[in-house]
Amino acid sequence: MLANQKASKAETDTNADADTNAQTEQELILLCQQGDRTCFRLLYQRYQQRVRSTLYQLCGKSLLDDLVQEVFLRAWKGLPKLKTAKYFSTWLYRISWNVATDRRRKLAQGKDKTFNEYTDKDRLNYGKDLSNVQDTSDLMHLHYQDVVQRGLNSLSFDHRSVLVLHDLEDLPQKQVAEILDIPVGTVKSRLFHARNSFKKILEQQGISF
Amino acid sequence: MTNSPKDNQNNLVSFLRHNQPLPPQACPDLEQKILESLEPRRFRDRRHYKTVTWTIPSAIATGFLFTTVSFGVRTPRIAIEPNDLENFLVDNWHDTLNNQNHSAIDDSEIDWLLPNVYKSKQALSVSAQ
Numbered sequence: 028m029l030a031n032q033k034a035s036k037a038e039t040d041t042n043a044d045a046d047t048n049a050q051t052e053q054e055l056i057l058l059c060q061q062g063d064r065t066c067f068r069l070l071y072q073r074y075q076q077r078v079r080s081t082l083y084q085l086c087g088k089s090l091l092d093d094l095v096q097e098v099f100l101r102a103w104k105g106l107p108k109l110k111t112a113k114y115f116s117t118w119l120y121r122i123s124w125n126v127a128t129d130r131r132r133k134l135a136q137g138k139d140k141t142f143n144e145y146t147d148k149d150r151l152n153y154g155k156d157l158s159n160v161q162d163t164s165d166l167m168h169l170h171y172q173d174v175v176q177r178g179l180n181s182l183s184f185d186h187r188s189v190l191v192l193h194d195l196e197d198l199p200q201k202q203v204a205e206i207l208d209i210p211v212g213t214v215k216s217r218l219f220h221a222r223n224s225f226k227k228i229l230e231q232q233g234i235s236f
Numbered sequence: 025m026t027n028s029p030k031d032n033q034n035n036l037v038s039f040l041r042h043n044q045p046l047p048p049q050a051c052p053d054l055e056q057k058i059l060e061s062l063e064p065r066r067f068r069d070r071r072h073y074k075t076v077t078w079t080i081p082s083a084i085a086t087g088f089l090f091t092t093v094s095f096g097v098r099t100p101r102i103a104i105e106p107n108d109l110e111n112f113l114v115d116n117w118h119d120t121l122n123n124q125n126h127s128a129i130d131d132s133e134i135d136w137l138l139p140n141v142y143k144s145k146q147a148l149s150v151s152a153q
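Listed in order, the protein sequences are those of chains C and W.
Going by our numbering, the first sequence opens with residue 28, and the numbers climb by one from there.
Going by our numbering, the second sequence opens with residue 25, and the numbers climb by one from there.
Just chain C, same shape as in the assembly:
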C-alpha cells in the first residue's frame, strides 16, 4: 500500500517535472522570439546533440559543424514566425532535414568536392580507431558501427531519413510524417522497405536476426 502511494507520488512528481520543463521550454521559446540570446543559448544546449546526431546520420561527418550552425541560424531567423511553441522540436527537426537535403543536393550537383576528401578522412579515422582499440568487444562495437554507417549510406535518402528519425532518433511515426511532410502511411511503407534493405545489407555482412 505504502509502496503504491510512493510510486504514485513519484509518478506525479515526474509529471509535474515534465510539465515544468515543457512550460519553461515554451517560455524559453517565447523569450527567444523576443530576441533573447541567452535563452537561445539554452535552447541550443538542449537540442544541439539531437540536431548534430540527425545531421551526422543523414550527411556524414563532412562539414558537420557548419551544418549544425546553419540549422540554428535558420531557427533563430524563423523563430518569430513559429506560432505554436510546443511544435518547436518537430520544427527544428524539419529545419535539420531541410539543411541535410540542401547539402545532398549540392553534393549531387558536384558543387562541393570536399565530400570525398572527408569520406576518405573518415575511413582513415576508422582505421586509427581500430588500431587504438585493445578490447575485442570494443573492436566488435566499432565494426558494427562501421557496418551501420555504411548501411545507412547505401539506403536512398528517403528511406534513410525515415529510418534515422524513427529508429535512431526514436520519434513517433506521426511526428516523422510532420517533419517530412508526408502521410503516416508513407512513413510506414518507407520504414518497412528501409528495414528490409538494411536487413539484407547486414546479412551480407554475416549479421542476421
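Hints are computed from structural coordinates only; laboratory data are not their basis.
Among the hints, a few may not be true.
Result set (DSBU-like, lysine-lysine): computed pairs, CA atoms no more than 35 Å apart in a straight line [to be verified]:
| # | chain 1 | residue 1 | chain 2 | residue 2 |
| --- | --- | --- | --- | --- |
| 1 | W | 30 | C | 110 |
| 2 | W | 57 | C | 88 |
| 3 | C | 226 | C | 110 |
| 4 | C | 88 | C | 226 |
| 5 | C | 227 | W | 57 |
| 6 | C | 133 | C | 226 |
| 7 | W | 57 | C | 133 |
| 8 | W | 30 | C | 104 |
| 9 | W | 30 | C | 133 |
| 10 | W | 30 | C | 88 |
| 11 | C | 133 | C | 113 |
| 12 | W | 57 | C | 215 |
| 13 | W | 30 | C | 227 |
| 14 | W | 30 | C | 226 |
| 15 | C | 226 | C | 104 |
| 16 | W | 30 | C | 201 |
| 17 | C | 201 | C | 110 |
| 18 | C | 201 | C | 108 |
| 19 | C | 104 | C | 227 |
| 20 | C | 227 | C | 201 |
| 21 | W | 30 | C | 108 |
No experiment lies behind these values; they were computed from the predicted model shown.
Fit chain W to the known structure of chain C by using the hints.
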C-alpha cells in the same frame, strides 16, 4: 523455434540503436560562434505595421474632411430670399439668351468641318482655268 517478424524488427531496431555511429565532438567554440552570428531581431517591422495602421485611417479622415469643407465652400448657396431668387432667375435667363446669340455667330458645322486644304485646292483650280 524461429523469431516472429515483429521480434526480428525489434532486434534490428535495438541493434541499430546500440551500434549507431556517434557524431564527432563539436568544435569547442561552435556555440559561441553560432551565438555571435545571430542577426539582431528587427522589431521595426511591427512598429512600421503599427504606423501604417494608424496612418491610413487618419489620411482617409483628413481627405474626407478636406473634401467636405472645400465642397461646402464652392457650392453656391440656395437663395432663400425672394429677391435673391428673382435676381438669380433673371441672370440665368440673360445668360441663356447670350448663349443663343453666341451660337448664332458661330460658324456653321460644314464650315468648320471642311479642311483648309480643300479651299487652297479650289483656288488652284480657279487659277488653272
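Hint by hint, here is what the structure shows:
no.: 1; hint: 30(W) x 110(C); in the structure: violated (39 Å)
no.: 2; hint: 57(W) x 88(C); in the structure: holds (19 Å)
no.: 3; hint: 226(C) x 110(C); in the structure: violated (41 Å)
no.: 4; hint: 88(C) x 226(C); in the structure: holds (24 Å)
no.: 5; hint: 227(C) x 57(W); in the structure: violated (42 Å)
no.: 6; hint: 133(C) x 226(C); in the structure: holds (29 Å)
no.: 7; hint: 57(W) x 133(C); in the structure: holds (24 Å)
no.: 8; hint: 30(W) x 104(C); in the structure: violated (43 Å)
no.: 9; hint: 30(W) x 133(C); in the structure: violated (38 Å)
no.: 10; hint: 30(W) x 88(C); in the structure: holds (32 Å)
no.: 11; hint: 133(C) x 113(C); in the structure: holds (32 Å)
no.: 12; hint: 57(W) x 215(C); in the structure: violated (39 Å)
no.: 13; hint: 30(W) x 227(C); in the structure: holds (16 Å)
no.: 14; hint: 30(W) x 226(C); in the structure: holds (13 Å)
no.: 15; hint: 226(C) x 104(C); in the structure: violated (40 Å)
no.: 16; hint: 30(W) x 201(C); in the structure: holds (20 Å)
no.: 17; hint: 201(C) x 110(C); in the structure: holds (19 Å)
no.: 18; hint: 201(C) x 108(C); in the structure: holds (23 Å)
no.: 19; hint: 104(C) x 227(C); in the structure: violated (42 Å)
no.: 20; hint: 227(C) x 201(C); in the structure: holds (27 Å)
no.: 21; hint: 30(W) x 108(C); in the structure: violated (42 Å)
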